[in-house]
Structures are given as structure tokens and as C-alpha cells.
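Heads up: the protein sequence lines correspond to chains A and B, in order. Residues 1 to 79 in our numbering are what the first sequence spells out, letter by letter. Residues 80 to 270 in our numbering are what the second sequence spells out, letter by letter.
Since the hints were made in silico from the structure, they are not lab data. The beta carbon of each residue, even a glycine, is placed where N, CA and C say it ideally should be. Do not rely on the hints blindly, as some may be mistaken.
Partial selection, computed: residues in chain B whose CB lies under 10 Å from chain A [said to hold, decoys possible]:
#1 A100
#2 R102
#3 C144
#4 C175
#5 W198
#6 K206
#7 C210
#8 G211
#9 V216
#10 K217
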Amino acid sequence: MNMLPIITTVVREYADVPESAITTETDPLRDLDLTSYDLMGIIGRLEAELGVSVAERDIRNLVTLGDLDEYIKARVVRS
Amino acid sequence: MTVMVAACPSVASQSEQREIAQRLLGLGLERAFGVRPTEIELERSSFGKPRLRGHPEVHFNIAHCGRAVAVAVSDSPVGVDVETVRPRNAHVAARCFDVSERVRVEGSDDPDREFFRYWTLKESYVKALGCGLSYPVKELHVEVSRDGEAASNKPGAAFRLVEELPGVVIGLCWLRPADQHPEPEVVRVEL
Numbered sequence: 001m002n003m004l005p006i007i008t009t010v011v012r013e014y015a016d017v018p019e020s021a022i023t024t025e026t027d028p029l030r031d032l033d034l035t036s037y038d039l040m041g042i043i044g045r046l047e048a049e050l051g052v053s054v055a056e057r058d059i060r061n062l063v064t065l066g067d068l069d070e071y072i073k074a075r076v077v078r079s
Numbered sequence: 080m081t082v083m084v085a086a087c088p089s090v091a092s093q094s095e096q097r098e099i100a101q102r103l104l105g106l107g108l109e110r111a112f113g114v115r116p117t118e119i120e121l122e123r124s125s126f127g128k129p130r131l132r133g134h135p136e137v138h139f140n141i142a143h144c145g146r147a148v149a150v151a152v153s154d155s156p157v158g159v160d161v162e163t164v165r166p167r168n169a170h171v172a173a174r175c176f177d178v179s180e181r182v183r184v185e186g187s188d189d190p191d192r193e194f195f196r197y198w199t200l201k202e203s204y205v206k207a208l209g210c211g212l213s214y215p216v217k218e219l220h221v222e223v224s225r226d227g228e229a230a231s232n233k234p235g236a237a238f239r240l241v242e243e244l245p246g247v248v249i250g251l252c253w254l255r256p257a258d259q260h261p262e263p264e265v266v267r268v269e270l
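Sequences are here, hints too, so could you generate the full structure?
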């Protein structure tokens, strides 16, 4: 299941950008000027909506939204 | 420990905030360490934390939001965070606050401001450590008393809240032995 549409919807609640500006290559901190607070809100929301858990130690490696998509997909399939 | 703070004249763009932060950093480094603006050459640690090339004794940290900018300069690792008080985010609270912190926030007279007190203190600690988003923030337990004094379960860390700018909360953390926590100097800069 492709998680990017759900991730895009949540990210756009924090970043005032068109849907077309969000791709798997997007780095939310660098490209969208989001903060760590925004990122915690986004991840917390995705955890609540999708029933997955994102470990702190893994967050540093989730640089792009594509990384986040792959990470969540793997855990949704597993659960 | 010196903290330079400035309220933005209007809601500032990211580039304007960064310009103000550079100005405050220059003022703070000169005030606290006598470092002249021409000597300022920045580099980043492996975790992305900026530092002053050639001056390992100097620690600083920068934070900005649309309403304010804060720069902390210290002789020990330091972190600062600044947030505009706005409606609190329940997802952030669930992810980053423990049960007693959430109870304190919700039981406060001003839960949104209290939320950002806790958030900025936690974020300032993570920034002082310089380990970015990988730190498990729930392991840091913070308590803010009614008079705004902040304490934690980390004996090597000192915390302060700076709330002299309207609608803004600034959290400050610096790391040094528990018996060496002199009061920070807060300098408000008019833009």
C-alpha cells in the first residue's frame, strides 16, 4: 500500500505548499522549512492514524518523505 | 552564559529570521567571548550542530520562529528553542511528554503556554546534546513550578525559561556540573 498520499495530506497541514511540491525526494526540514516540532506532530499523527510506531533512534535516518513512506509501509504490512 | 533575544517587528520570513539570528550571534559572541565578526567562521558537527571554527571553547545555539529569535552563547554545551504560543498539538504531547507532564500541562491555567514551556525545555536539552531528533525525549522528565522554575531528571543539565517577549516562550538548557550553574544573562536586542 502506498502511504505517500496519506503522508502528503498530513505534511500539507504543516507546510503551505501545493501537493505537486511533495515527492518521495522531499526533505521536510530542508525543502519545506519545517521544524523538529512539526516533524514530531506529523509522525505522531501518522502513528495514531496508521497504528504504527516510529522509534526515536530511527527518525534520524528518515531524511526524505520517501524514507518515511518505506518505513511505515514495512510496519503496516508487518502488523 | 548569555542569551540574546529579539522580538521580530512583524511575522518574519525564514530568511529574515536567519538574518536576525546571524546578527544576534555576532553580538553575543563579541559580548561573551570578544570574538569579532570577522573571526566568525561556522562549521557543523556530524549531527549538524553549528559550531565556531577554531574556537572549541565557544558553544552557541540558535532558535527562531516567526515572532522571535534567540541565540545562546556559553562556555559549555547549550541549547535554546523558541516557540510562538499557539494551540498545543496532542500528537506531539503523546509522543514526547510522559504522563505526569501531560497532566501538568492540562491542569495548567494556560495549557497552551504550559505545553510550549515543556516542549521548548525538552527541545533545548536535545539541542544542547547536539544529537538531533534521535534522542528519546520521553526519557527527559521536566517539571516547571508555578513560578516558572524548571527542573529535570538530568543532574548535569540546567534549565531556564525566558518569557519576557509577548506570546513567545524560550526554553534554555546548558550542560555542566550540577554545582556550576550560574544564572544566564538575558540581553534583549531591539531591532
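Hint by hint, here is what the structure shows:
1. A100: violated (14 Å)
2. R102: violated (20 Å)
3. C144: holds (8 Å)
4. C175: Since the shortest Cβ distance to chain A is 6 Å, the answer is holds.
5. W198: holds (7 Å)
6. K206: holds (9 Å)
7. C210: Holds, about 8 Å.
8. G211: Holds - the Cβ of B/G211 comes within 10 Å of chain A, reaching about 6 Å at its closest.
9. V216: holds (7 Å)
10. K217: holds (8 Å)
This entry does not satisfy hints 1 and 2, going by the numbered hints stated previously.
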